[in-house]
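Q: Given chain A, put chain B in place with the hints provided.
Chains as they are written, first to last, in our numbering: chain A, 1 to 136; chain B, 1 to 186.
Check each hint, because a few of them may be wrong.
[As the list claims (entries may be wrong)] Calculated pairs, DSS-like style, for lysine-lysine (alpha carbon to alpha carbon, straight line, at most 27 angstroms):
1. K5/A <-> K63/A
2. K2/A <-> K74/A
3. K132/A <-> K59/B
4. K63/A <-> K59/B
5. K58/A <-> K6/B
6. K74/A <-> K59/B
7. K5/A <-> K58/A
8. K63/A <-> K74/A
9. K59/B <-> K2/A
10. K74/A <-> K5/A
11. K30/B <-> K59/A
12. K30/B <-> K79/A
13. K98/B <-> K6/B
FYI, nobody ran anything at the bench for these hints, they're computed from the structure. Just so you know, these numbers come straight off a predicted model, no measurement behind them.
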Amino acid sequence: MKNLKYLFIGIFFGVVLTKGEATSWYRMQEMFRFESFHMFAIFMTAIPVGALSLFIIKKLNLKSTEGQPIEMPKKNFNKGTILGSLIFGFGWALTGACPGPLYALIGSGYVVTIATLLAAIAGTWCYAYFQKYLPQ
Amino acid sequence: MELLYKPWPWYVAGPLIGITVPLLLLLGSKSLGISSTLRQVCAACIPANIPFLQYDWRKDSWNLIFVIGIFIGGFLGGYVFANPNPVAISTSTINFLKEHGLNEPSGLIPAELFNWSSLITLKGFLIMIVGGFMVGFGTRYARGCTSGHGILGLSALQWPSLLATASFFLGGILFCRFVLPLILDL
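Isolated chain A, as found in the complex (with noise of 0.2 angstroms):
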């Protein structure tokens, strides 16, 4: 089963955001006011770290263990990138949860978070059936 390593990195990364309490409706209230450091703390490590291995990468010109080369992930910008953006965040700052924690929600046991995780695809499904009319 090629695919099983990204259940582990997947595990890995659910722990992590849990134990970091990066799943917390009440952390990102706190966040959004301005209260404590502890989000943006998170954000502003997780970043630099990010940054310096992609940048070994890049240096060292590492491929992957399965020998594909490396692509640098590179990210376009249109309308969306701030429409969306500020949809997206008056729902984060509502549900206190990005897609990541939906998913780690519902597992540490609240199940009702289906729910909103439904909702998200119900809104993703209308944003590919509206997208020919939104500003591109």
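A: For chain B alone, kept in the frame of chain A given last:
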């Protein structure tokens, strides 16, 4: 043993989140990004001839396995080894939440907002369903969420990701300041 149940400080959790970026790249040339799994579920279950959902979602099925892992990780970190104490948020946040009718924190999320019976109230519907809808709609429109733009995109020094991250923080900050209090008071 007690250590297993304790929450982790930011200087442990933050770097470990960052490590996920090279882990995925080195072990399989995969880019961290979780909101795309929502699109994959749509493409797999309800494609409905929508062009945006007509693609070979199976090629990215690793991502679905990854989020099953996140679910299991949430089970381990938040259920099996759950922190028995409430999340230690700042007193000013607790006071704000109390002013708007919430109890002292317990668990990771407030049970008085997130429960099945409140789904049929206006407040619960707005928070869980409308909120969730905006998360799914917004992240796809933005082509990424906190993981894809905020962690991976910023790590790769992508300026669109910087704009995206700034925008979702701006959205969240404004919403928490001006709208959320009204909803909590419903």
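Q: Run every hint past the structure and note whether it holds.
A: Going through the hints against the structure:
Simply put, K5/A and K63/A have alpha-carbon atoms about 17 angstroms apart, close enough for the 27 angstroms limit, and the pair holds. For the hint pairing K2/A with K74/A, the CA-to-CA distance comes to about 25 angstroms; that is within 27 angstroms, so the pair holds. As the CA atoms of K132/A and K59/B are separated by approximately 25 angstroms, the hinted pair is consistent with the 27 angstroms bound. Taking the CA atoms of K63/A and K59/B, the gap is about 20 angstroms. The hint holds against a cut of 27 angstroms.
Between K58/A and K6/B the CA atoms are separated by roughly 36 angstroms; this puts the pair beyond 27 angstroms, and the hint is violated. A threshold of 27 angstroms between alpha carbons decides the hint, and for K74/A with K59/B the separation of about 19 angstroms falls inside it, so the pair holds. Restraint check for K5/A and K58/A: the C-alpha separation of about 23 angstroms stays at or below 27 angstroms, so the hint holds. About 18 angstroms separates the Cα atoms of K63/A and K74/A, which keeps this hinted pair within 27 angstroms; it holds.
Simply put, K59/B and K2/A have alpha-carbon atoms about 13 angstroms apart, close enough for the 27 angstroms limit, and the pair holds. This hinted pair checks out: K74/A and K5/A have alpha carbons roughly 24 angstroms apart, not beyond 27 angstroms. About 18 angstroms separates the Cα atoms of K30/B and K59/A, which keeps this hinted pair within 27 angstroms; it holds. Among the hinted pairs, K30/B with K79/A is consistent with the structure: their alpha-carbon atoms are about 26 angstroms apart, no more than 27 angstroms.
Between K98/B and K6/B the alpha-carbon distance is near 25 angstroms, which keeps this suggested pair within the 27 angstroms criterion.
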